[in-house]
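Taken in sequence, the protein lines are chains W and Y.
Numbering-wise (the numbering used here), the first sequence opens with residue 268 and increments by one.
Numbering-wise (the numbering used here), the second sequence opens with residue 1273 and increments by one.
None of these hints come from the bench; they were simulated from the model.
Since the model is a prediction, treat every value here as computed from it, not as a measurement.
A portion of the hints provided could be inaccurate.
To be verified - Think about it this way: if two alpha-carbon atoms lie no more than 30 angstroms apart in a straight line, the pair counts; the simulated BS3-like pairs of lysine-lysine are: (1) Lys1305(Y) with Lys413(W); (2) Lys424(W) with Lys413(W); (3) Lys1305(Y) with Lys424(W); (4) Lys1329(Y) with Lys1384(Y); (5) Lys413(W) with Lys1384(Y); (6) Lys1384(Y) with Lys424(W).
What the hints assert, rightly or not - With the Cβ distance kept under 10 angstroms, some of the chain Y side facing chain W (calculated, not the full set): (7) Phe1370; (8) Leu1373; (9) Tyr1380; (10) Arg1383.
Glycine is no exception: its CB is placed at the ideal position from the N, C-alpha and C atoms.
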Amino acid sequence: MNFNLVLLMPEIALTSAAGLAILVDAFSPRGLSRRFLLWIAGGGIAISAALALRLLGTNTSAFNGAIAVDDYAVFFKLLFLAATLLVLLAADTFMEETRHRAEFVGLLLLATTGLMLLAAAMDLITLYISIEISSLSIAFLSAWDKRGLRSTEAGLKYFLLSAMSSAVLLYGMALLYGLTGHTRLDLIATQIGQGPNAALFLALAMLLAGFGFKVSAVPFQMWTPDVYEGAPLPITAFLSVASKAAGFAATVRVLQIALPTSQTDWTVLVAALAAATMTVGNIVALVQTNMKRMLAYSSIAQAGYVLVGVAAASQLGVSAVMFYLLAYTATNLAAFIACIAIFNLTDSEQIGDLRGLRWRSPWLAFALAVSLLSLAGLPPFVGFFAKLYVFWAAADRGLLWLVLVGVVNSAVSLYYYAQVIHDMYITGIGGGEPGVGDPVTTLGPRRPSPGLSTALTLAVIGVLVFGVLSGFFFGIGDVAARTVAR
Amino acid sequence: MVASFGPIAMAVVIATIFGLLPLGISRLVAPRKPDSVKNAPYECGVETIGPTMIQFKNHFYLYALIFVIFDVEAVFLFPWAVIFSQLGTLALVEMFVFVGLLLVGYAYAWRKGALDWV
């Protein structure tokens, strides 16, 4: 038995920070201040990141091969930690106003722990438990505003659908175990026989359905807009980046290690999912008037682009997926944090109410415009390079039709992203400069809080730096991808 | 194949007749004189007072949750105690960690007033 706890230290550090935040808050007479909680959480995240960095290059496995400690896992752990830190910083107004803020921080850290384990899981049972750790925490967080109807609905929907998808996933795992007699991914690969096998296909389809829920791929995306709309915005931001990235991390690992394409060809299946996800996400996003719902459909479409990289099923594909997730995390966080700042000002989630934002808060308008252009995939922002690599990987595998679908979809998506930018920059209420009745001009001089500004600045810097140095960051992903890709 | 299920089908038929026959006979021949004592629930616990479909405190729910904490702890403690001597120091430490984590949850519930009946 290999009980080397050092290999699990990043997760242990984060769990301890979560426990500390909740316990100290419970025992302090008046509850902890937001600032103090932020220090605990930030400290936990920093320690965890430092410990994870030390494991870079270890490339081993712990607990009888149940948990992989490879560069691929470390890459994603650092990504989740960074995303969590930004979400916590951006949530400071929310935390000031909510009760139970220690529990908020604690649950967010526990959800992150689950996601980190998910990226490292090498065993079906570990994988399942990691998903449950994160899903349960996220369901609680989605239902945070427990007297609000929409938030409760979001939490309930997420909980019921994640339970449902867990059941499907578990059935798929049971089939895989029944076929091979192993729960470890690398051992499963050795036992899978050649040739077509109905039960194996069923297991594969069920696994893809379970993961499809987590990454909100069509046709498993139904929960996404409602949960994104109802959950508190910082949680929506967390859900749309960290949770989705972890789902992809696990999908790629399972597909690459347990089900090599030489034995089961899942390329067509994943490619079909990718095409459906891109198309449905983009087309439905065209008609949205609520900013959160628009971003929800946009994030579905983005999941489609990532699936293009997954479908490529090569080392290039895995590196492209990793780079895409890095880019997407920075970009989508920037978009959501800008939305948090704007909604703190206007209390409105309608896209129409962004009219004339350029005159009211030029910096917010700029940040939102940059992130939306990056989501649309325009150079020189990181979104462009991310799409380039993903499409390149797919074309390399001969999936030219999929690349074509992806490019057409990118063009379609530009319409709804540009619509928002048009509203912010060009239209006041009567066209031109905003008049007296314009929503954004009637507001008081409330500025975004320092934490929010910091988070937004960091995310926008991420969008710009990852874009300019895309070759360097793709290279990092490429090295890390070698530990899972065959 | 189907024929080999014959004895089972026979057993099902006989069992059904065997069960229904005495019930039918007693229904036909037995005298019936119900009174309030005879109609009272027999061996079913204390009779309820007032309507049973009422709202009750969700504190019961909290209590049940806290009970589950200790229930699960006991489930893990028993097998651990049985082979404890063969497992060595690591198992001892592990169990203390486990109990410690449960205590954290318990302390939290206590501080948050989940144990106060209001």
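Okay, the hints, checked on the actual structure:
Restraint check for Lys1305(Y) and Lys413(W): the C-alpha separation of about 57 angstroms exceeds 30 angstroms, so the hint is violated. Our distance criterion of 30 angstroms between C-alpha atoms is met by Lys424(W) and Lys413(W), whose separation comes to about 14 angstroms. Proximity of Lys1305(Y) to Lys424(W) is assessed by CA-CA distance (about 56 angstroms); at most 30 angstroms being required, the pair is judged violated. For a cut-off of 30 angstroms, the pair hint linking Lys1329(Y) to Lys1384(Y) stands: about 17 angstroms separates their Cα positions.
For the given pair, Lys413(W) sits about 17 angstroms from Lys1384(Y) by alpha-carbon distance, which is consistent with the 30 angstroms threshold. Our distance criterion of 30 angstroms between C-alpha atoms is met by Lys1384(Y) and Lys424(W), whose separation comes to about 27 angstroms. Taken as an interface hint, Phe1370(Y) does not check out: its beta carbon lies about 13 angstroms from the nearest beta carbon of chain W, beyond 10 angstroms. For Leu1373(Y), the suggested interface contact is upheld, since its CB lies about 8 angstroms from the closest CB of chain W, less than 10 angstroms.
Interface hint at Tyr1380(Y): satisfied, since its Cβ lies 5 angstroms from the closest Cβ of chain W, which is below the 10 angstroms cut-off. The interface hint given for Arg1383(Y) holds, since its Cβ lies 4 angstroms from the closest Cβ of chain W, which is under the 10 angstroms cut-off.
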